[in-house]
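With the hints as your guide, set chain H onto chain X.
Protein chains: 2
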Amino acid sequence: MREYNVAIVGATGAVGEQMRKILESRDLPVSHLKLLASERSEGKRLTWKRVGTEVEVLGADSFQNIDIALFSAGSEISEEYAPIARDSGAVVIDNSNAWRMDPEVPLVVPEVNPAALMGHHGLIANPNCSTIQMVVALKPLHDRWNLKRVVVSTYQAVSGSGQKAVDELMAQSEAYLADKPLDIESYPHQIAFNLIPHIDVFDDDGNSKEEMKMVHETRKILDLDDLPITATTVRVPIVVGHSESINVELSEPVDVEEARKILAESSGITVIDNPREAEYPMPLNAAGMDDCYVGRIRRDDSLASGLNLWVVADNLRKGAALNAVQIAEVLVRAGLKE
Amino acid sequence: MREYNVAIVGATGAVGEQMRKILESRDLPVSHLKLLASERSEGKRLTWKRVGTEVEVLGADSFQNIDIALFSAGSEISEEYAPIARDSGAVVIDNSNAWRMDPEVPLVVPEVNPAALMGHHGLIANPNCSTIQMVVALKPLHDRWNLKRVVVSTYQAVSGSGQKAVDELMAQSEAYLADKPLDIESYPHQIAFNLIPHIDVFDDDGNSKEEMKMVHETRKILDLDDLPITATTVRVPIVVGHSESINVELSEPVDVEEARKILAESSGITVIDNPREAEYPMPLNAAGMDDCYVGRIRRDDSLASGLNLWVVADNLRKGAALNAVQIAEVLVRAGLKE
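Chains X and H, in that order, are what the protein sequence lines are. Convert by adding 903 to the 1-based position in the first sequence; the result is the number in our numbering. Convert by adding 903 to the 1-based position in the second sequence; the result is the number in our numbering.
The shape of chain X in the complex, shown without the other chains (with noise of 0.2 Å):
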């Protein structure tokens, strides 16, 4: 069997700590596992396979022999040393910004639309966390009724803003209990016990790029450029598992016990829907996990063909470091590696 050099680009990150360890549980063969970082990083030792692998600066060198390259260290890298591991032959699946809009990047969520892996360029784009969950709990519903229109709410865990934020919310917490003055850095303002309707950087029309992220990377991966579709983003003070109110318009008349067991069958996607046993899908229940949890499925009675849905999943996972390993794992499965 051919085995493959990959690489994690922002190995030290919340996001890269997930890579390594999705990719240590997984079927992708791994022959050497590079871990790279910024210097900050370098020397430092983590953990493959049981074995102490020294971490490595990132640099124009860094990607010979590399097979895969998964980039989750913020745009400005991904602009930089993308292209670069990509003409040193890997194939780059990247977890930033930067790429997911361009044209030429295929921008894939592997129970959505793998299709779009077909003649990559040797980039990939792996979405926004928000968009993916969203994503994999519409697209079953779209392939049955054809959407119309969607309305999504987001609650979103501050480990989407990396550990740091994770920290924050933890020391904010802990001064607030002890009515201690709080340190307020990773956002605007205090996190614990509030909550912050602004999610990266905002336009002239008053749309979070946050927002506006969910609305355009959407529309590409389900290939509807025209699909009407609005966000309201939100972070939460929640360590992780982002969850999603979803609101859909659909073409035609839904069954909701139909609409519950297409979800139910789909790849990638648990339901927890009996509310009356007090049963639906929490972050609590998403963290860790690898499914979209998906519950609170009913009608919506203000429309004649609406649905309301309650979609959770860990945003580091399947949210971003899970769906970069499984659009690596279907490259090799498809050999479109080679």
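Heads up, some of the hints might be wrong.
Same chains, same label: a pair holds when it works inside one copy or across any pair of copies.
Think about it this way: if two alpha-carbon atoms lie no more than 20 Å apart in a straight line, the pair counts; the simulated DMTMM-like pairs of lysine to aspartate or glutamate are [unchecked claim]:
hint	residue 1	residue 2
1	1083	1070
2	1112	1182
3	1051	1204
4	1112	1204
5	947	1232
6	1067	920
7	1083	1005
8	947	957
9	1164	1108
10	1112	1180
11	1164	1107
12	1051	1161
13	1083	945
By construction, these hints were calculated from the structure, which means they are not laboratory data.
Same frame as chain X, but now just chain H:
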């Protein structure tokens, strides 16, 4: 000036306490305040205008000489005692769910439908917290552009479930941070560092009673029996302050600047809407305040006439105690008490 004897039923609860504080700070002329609660609170002393006042046990004879009775002790108490209070000559303003949808009972938000108080029969209902702040924001938009459909997702604070839930959020948060086992009593699941898409009980269609309250109460208050509206209500680990992501379809194209101006000029609303300077409503700035805070006002480009809003209010004040006191003030001002 005529003064009034006022009773608070449920005086020791979270909302009852707010009612007492709000009465102290406003203009309603109170000659005597009677504090009523269950036997558990018998003999407890609370402060009214700097003087200790004994809590009395609620009974059938509690309402002699009471002009205005503010109830906030749950539906069962209201069902039993509100008619008794009314028959004793008091006007009852009831914060429970018991009478809200009774066609004989006005359901009132003073900024929105004060005229509904005309010809009341001595019993007036205070809407649900999540409904009040939404209709305060919707009414000025409806007056200008006619509401066509509303999609709302909520982020509701634990104080809506009473002081015990607040104490539990604090205790769970402390235990979580100390890596100790958590006690779970107020909700079916841990609420610290978690979200629970479950408020009140569920119906056969999978909607929660809280969601259907938002639908039916909004229609009644706005006098729009057929207004299409769908709600998803979610409990979040916040102490005070409900937030709502509201998507509105109007009958005519909306000018966002005009919408912002109309909202800013409306009674009971403060607009905070400068997201580039990180200025928007949050539970942290709404807690303890009287107004409904509205921000993130922007076009919803998925519709010809769509608008997104983010509305935050103190669920114990405008969502409950303040609105009840404001109803009493309107009654007195309009001479509708006699």
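Hints the structure violates: just list their numbers, smallest first. 5, 7, 13
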